[in-house]
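Colleague: These are the residues of each chain, in order.
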Amino acid sequence: MAGKCDTRARLLQGNESCAEAALLAGVRFFAGYPITPSSEIAEILSERLPQLGGKFIQMEDEIASMAAVVGASLAGMKAMTATSGPGFSLKQENLGFASFTEVPCVIVNVQRTGPSTGLPTSPGQGDLMQARWGTHGDHPVVALYPSSVSETFDLTVKAVNIAERLRVPVVLLMDEVVAHMRERVIVPCEDEIEIAWRPRPTVPPEDYLPYEAGPNGVPAMADFGTGYRWHITGLYHDTTGFPTSAPAKVDQLVRRLCGKITNHKRDITFTWDEHMDDAKVAVVACGIVARSARRAVRLAREKGIAAGVFQPKTIWPFPHEQVAEIAARVDRIVVPEMNMGQLVGEVQCAARGKCEVIGYSRVDGEPITPEEILAVLSEV
Amino acid sequence: MARSIDEYLRARFMPHIWCPGCGHGIILNALLRAIARLDLPNDKVCVVSGIGCASRAPGYLDFNTLHTTHGRAIAFATGIKLANPDLHVIVVTGDGDGAAIGGNHLIHAARRNMGVTTIMFNNSIYGMTSGQYSPLTPSGRLATTAPYGNVERNFDMCELVKASGANYVARATVAHARQLSTYIERAITTSGFAFVEAVGNCPTYFGRRNKLGGPVEMVEALKKNSITAAAAAKLDPAEIRGKIIIGEFYRGDAPGYIELYDGVIERAKEAAGK
Numbered sequence: 001m002a003g004k005c006d007t008r009a010r011l012l013q014g015n016e017s018c019a020e021a022a023l024l025a026g027v028r029f030f031a032g033y034p035i036t037p038s039s040e041i042a043e044i045l046s047e048r049l050p051q052l053g054g055k056f057i058q059m060e061d062e063i064a065s066m067a068a069v070v071g072a073s074l075a076g077m078k079a080m081t082a083t084s085g086p087g088f089s090l091k092q093e094n095l096g097f098a099s100f101t102e103v104p105c106v107i108v109n110v111q112r113t114g115p116s117t118g119l120p121t122s123p124g125q126g127d128l129m130q131a132r133w134g135t136h137g138d139h140p141v142v143a144l145y146p147s148s149v150s151e152t153f154d155l156t157v158k159a160v161n162i163a164e165r166l167r168v169p170v171v172l173l174m175d176e177v178v179a180h181m182r183e184r185v186i187v188p189c190e191d192e193i194e195i196a197w198r199p200r201p202t203v204p205p206e207d208y209l210p211y212e213a214g215p216n217g218v219p220a221m222a223d224f225g226t227g228y229r230w231h232i233t234g235l236y237h238d239t240t241g242f243p244t245s246a247p248a249k250v251d252q253l254v255r256r257l258c259g260k261i262t263n264h265k266r267d268i269t270f271t272w273d274e275h276m277d278d279a280k281v282a283v284v285a286c287g288i289v290a291r292s293a294r295r296a297v298r299l300a301r302e303k304g305i306a307a308g309v310f311q312p313k314t315i316w317p318f319p320h321e322q323v324a325e326i327a328a329r330v331d332r333i334v335v336p337e338m339n340m341g342q343l344v345g346e347v348q349c350a351a352r353g354k355c356e357v358i359g360y361s362r363v364d365g366e367p368i369t370p371e372e373i374l375a376v377l378s379e380v
Numbered sequence: 001m002a003r004s005i006d007e008y009l010r011a012r013f014m015p016h017i018w019c020p021g022c023g024h025g026i027i028l029n030a031l032l033r034a035i036a037r038l039d040l041p042n043d044k045v046c047v048v049s050g051i052g053c054a055s056r057a058p059g060y061l062d063f064n065t066l067h068t069t070h071g072r073a074i075a076f077a078t079g080i081k082l083a084n085p086d087l088h089v090i091v092v093t094g095d096g097d098g099a100a101i102g103g104n105h106l107i108h109a110a111r112r113n114m115g116v117t118t119i120m121f122n123n124s125i126y127g128m129t130s131g132q133y134s135p136l137t138p139s140g141r142l143a144t145t146a147p148y149g150n151v152e153r154n155f156d157m158c159e160l161v162k163a164s165g166a167n168y169v170a171r172a173t174v175a176h177a178r179q180l181s182t183y184i185e186r187a188i189t190t191s192g193f194a195f196v197e198a199v200g201n202c203p204t205y206f207g208r209r210n211k212l213g214g215p216v217e218m219v220e221a222l223k224k225n226s227i228t229a230a231a232a233a234k235l236d237p238a239e240i241r242g243k244i245i246i247g248e249f250y251r252g253d254a255p256g257y258i259e260l261y262d263g264v265i266e267r268a269k270e271a272a273g274k
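Residue numbers (our numbering), protein chains in the order written: chain A, 1 to 380; chain B, 1 to 274.
Looking at chain A on its own, in the form it has when it is part of the complex:
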């Protein structure tokens, strides 16, 4: 890692791309639990982290690995875990703690077909809503969703940066197909990418209010052991960090937490589109389905259908504004997804009846093909 770096093209697997990007973004701690189809991320980091002086630990379960990630982050290391559906369910408890106590961390969920043990390990996209609402109570969370190995690299770096900058857990939703696919990635050098760190206190310890929001709504965070002795609790707390049940302070905290996301929505919304300028029918798809949609739209164009594709790379917060704008100028939106209709509900909500919204579900553990999407686009 030391020495000079050459930007270079590499053939990487999706999970490998995620692991390498995390290291480049400064992740130095990983705690996890074995689960397919995410295990390569843990395996790679178990080898690579100690080479960089970082720490890897395989914990006794998914709950503990999420807890260890939060602990390590509090002690100053950028921290990450990776899992799949059943493990993601178990992570929710301490993901909620991290969200509420504003501890930066990244949770990779390489989705497989659920519910329960489901189809290990066929692709599925059934965890979209869990990524948003998996833990109880109102809480901020960000979820990014790559459609290729290259995007996995880029969005993993972004996930780490957003987690640090906004002090929020960021979920990287991945598809099994992308996780295990090998593609070309241009791996940048450290000085070619932006690397963010959590805001640090600029006041002496005696003046430090750990939950006093900075100008952007994000409080400064001191590492444990650096002289800023602060208290962290999953109870409602005021700016001092200590518990409170005063209604005004409770209200203020939950609104500030959710506001961190809504107020920075523009900075953390990433999308991709093609052929949308004159489209009469739009395909909105995420993850690997966006790849099929891209191909389907090209085939549709060859048949004279004015189709376009829009891919939200940021799933949460959902890009309602962009989808609303699309709905206002197309006749139809088609939403193919590998679940019973999670994305389509969000699209309908954004479209507000301005155009027809048609869902297409495939839930047999097989990816949606371009031909399937083309068939839907070909129906009038």
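No lab work stands behind these hints: they were computed from the structure. We put the beta carbon where it would ideally sit given N, CA and C, even for glycine. Please note: incorrect hints may appear among the correct ones.
To be verified - Just so you have them, the derived chain A footprint on chain B, three or more residues with Cβ under 8 angstroms: (1) 57-71; (2) 78-87.
What the hints assert, rightly or not - Derived DMTMM-like pairs: lysine to aspartate or glutamate, alpha-carbon spacing no greater than 25 angstroms straight-line: (3) B/LYS269 with A/GLU40; (4) A/LYS265 with A/GLU325; (5) B/LYS269 with A/GLU190; (6) B/LYS269 with A/ASP191; (7) B/LYS44 with A/ASP223; (8) B/LYS274 with A/ASP223; (9) B/LYS274 with A/GLU43.
Mind docking chain B on chain A? Use the hints.
Modeller: Chain B alone, transformed into the frame defined by chain A:
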């Protein structure tokens, strides 16, 4: 000259939330006296807890303090210790938090010999939720969820943690405050995983329902009912049934996880350099 324990308290939050007569204050005092004798700087101590009466302790302590989710304190502590091995990471847990919902984290931290000190405040009951039976409620005792008497057997946490691989295992009661503090001091200076079970009293929920008298009677009973490990070793199992065995059950020097992982880093760097 040892420090005053006042230096370790966030006294502005007193009075604490514990009920009158609760033994938790004695355990906390024993912990702070141990830290004071060791002259540990506030910044170098991190106290982590889960959920329950005992787990409210960190809020009153002027250290790096973390009040986490139910049963998970040791797992959070593991992350902290790995990220900053210079910190003295101390977990404060209860019998419900540490022996039930958090039991798995406890045995695995002991197995790993993770550099964390765990103090279990055992008051034989779930106090925070008003008196349900825990894995350490003695068989036959009453609880709000055991109205006909507890039919479950209770864990011997020290045996469990010792068998799991900890480097230090001890038990004392709130009637043996000095001894308790000495054990905690040794636990903190142990490299690897250290466990101290502090048997306390919950007059409000455990004592009242089981007609064990007030706080004074309960502490007297703990004193009377305790037997040292050395004395217990000479008796038949039948004679020590129902007794609280106090003492140090294990002191070892197996390498801790932190030191072993330092070796991993060394080997990894060497491999990467090749």
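Colleague: Could you run down the list of hints and mark each one as holding or not?
Modeller: Status of the hints after comparison with the structure:
Closer than 8 angstroms: that is the beta-carbon criterion, and the stretch 57-71 of chain B has 10 residues meeting it against chain A, so the requirement of 3 holds. Check result for the stretch 78-87 of chain B against chain A: holds, 9 residues qualifying (beta carbon to beta carbon below 8 angstroms, three or more required). For the suggested pair B/LYS269 and A/GLU40, the alpha carbons sit about 20 angstroms apart, so the restraint of at most 25 angstroms is met. Between A/LYS265 and A/GLU325, the direct Cα distance comes to roughly 16 angstroms. Compliance with the 25 angstroms bound is thereby established for this hinted pair.
Between the alpha carbons of B/LYS269 and A/GLU190 the distance comes to roughly 19 angstroms, so the proposed pair stays at or under 25 angstroms and holds. A threshold of 25 angstroms between alpha carbons decides the hint, and for B/LYS269 with A/ASP191 the separation of about 22 angstroms falls inside it, so the pair holds. The hinted pair formed by B/LYS44 and A/ASP223 meets the criterion: a straight-line CA distance of about 12 angstroms does not exceed 25 angstroms. With a C-alpha separation of about 34 angstroms, the suggested pair B/LYS274 and A/ASP223 falls outside the 25 angstroms cut-off, and the hint is violated.
Note on B/LYS274 and A/GLU43: the hinted pairing holds, with a Cα-Cα distance of about 20 angstroms set against a maximum of 25 angstroms.
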